[in-house]
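Engineer: Sequence:
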Amino acid sequence: MTTTLTKFYPVKTTKDVVTLTVTIGDSQTGITAVSLDGVPLVPGHLDTLTLELGTGPDLKGKTLVCTTTISDVSAETNRTSVTYDLEGGVAPYSHSLEETVSENGGKMSYNASFWFFS
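Under the numbering used here, the sequence shown is numbered contiguously, ending at residue 702.
Using C-beta positions, here's what the derived DEER-type ranges look like:
#1 647 with 611: 29 to 35 Å
#2 657 with 594: 32 to 38 Å
#3 695 with 645: 19 to 25 Å
#4 586 with 659: 21 to 27 Å
#5 611 with 586: 17 to 23 Å
Pairs of lysine-lysine, DSS-like flavour, derived with a Cα cap of 30 Å:
#6 591 with 691
#7 644 with 591
#8 646 with 599
#9 644 with 596
#10 599 with 644
#11 646 with 596
Keep in mind the hints are simulated off the structure, nothing from the lab. All C-beta atoms, glycine included, are put in the ideal place defined by N, C-alpha and C.
Please take these sequences and the hints and turn them into a complete structure.
Structural biologist: Right, dumping it as structure tokens:
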């Protein structure tokens, strides 16, 4: 099963650096791959990831894609969640996605796309 998020994110015309943080929740574990306009930035990072993406002028018109796969490793819950935080643009942005897997040890995939504009 896959859950998706698509968001337009306004960036500044100044040299402020935009930062992405991906946080895996619910005591689960996950791997995130990140690409910018099809160019891999991070092929696979385990658990929480913080990444400087570039300045607003560098990012304007580009698309950031994050694919996060979460494995249910918690004995207490089958709930999975991921939070995407962007900072350095016109305003901070945070969004959480959550799903419950049907069985212990299940996996959930989350795809998030962010389009940068000014």
